[in-house]
Every structure is written in C-alpha cells, then in structure tokens.
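*Asks:* Sequence:
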Amino acid sequence: MGDHGCLSIFGDRPDQHRMFAEQITAEYFVKTEGRGRTVDEWKARPEQPDNHWLDCLVGCAVGASMQGALLFGTDAERAPKTKRISFKEMQQRRRG
8 MGDHGCLSIF GDRPDQHRMF AEQITAEYFV KTEGRGRTVD EWKARPEQPD
58 NHWLDCLVGC AVGASMQGAL LFGTDAERAP KTKRISFKEM QQRRRG
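Residue numbers (my numbering): 8 to 103.
The set of hints was computed from the structure by calculation and includes no laboratory data. Where hints are given, some of them may not hold.
To be verified - DSBU-like cross-link-like pairs, simulated, lysine-lysine; straight-line CA separation at most 35 Å:
#1 LYS38 <-> LYS88
#2 LYS38 <-> LYS50
#3 LYS88 <-> LYS50
As the structure is a computational prediction, the values presented were derived from the model and not from experiment.
The task is simple: from the sequences and hints, build the whole structure.
*Replies:* Here it is as structure tokens:
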C-alpha cells in the first residue's frame, strides 16, 4: 500500500469496494503512434461497460493538476503561469 502511482483503498473487506474497483478498471490503454507522436488511446473493456467513477476520478485529477497539485515523489515542476489577456486585447494585437 502507498506505492508511487497507486491508489490505495482502505479497509480489509474488498467486497465494500468491488463496484469502485470494477469501474476504475473498466478501460485500458494502448500506445498508438501516428503523425510523429505517441499517445495512449483508451479503450473500454466489453465485459465492464460502467466507468462513471473512473471518469469522476480522472476529472478530479485534472482539476487538481490545474490547481497546481502534484503527486509526492514525481519531482515535476510547475509550468510558469501565463498572463491572461482579454478577448479585446487579443483582437487589438492581431490588428497591430
């Protein structure tokens, strides 16, 4: 428990977390190459159509990342914040 990159679920009764575990493992990825880049393409497992909790978990991770949260031990550095500009400023810059 608690290894890097893992999601640890509390308790010693796996039946209490069965539905959650089934839904977060409802998809798998396949590395795909094309146009000079490699991406992970996610595919649904046909035997497990429900993945709502996986979607929620991923959405929470994205939101946390956007707010600057990092996983312990990843040594990732935050990207520098860019100055926000208004749509009006964007139009003025395009016009010169």
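*Asks:* Each hint needs a verdict: does it hold in this structure or not?
*Replies:* To see whether the hints hold, each was checked on the structure:
no., hint, in the structure
1, LYS38 <-> LYS88, "30 Å, holds"
2, LYS38 <-> LYS50, "11 Å, holds"
3, LYS88 <-> LYS50, "33 Å, holds"
The structure agrees with every numbered hint stated previously.
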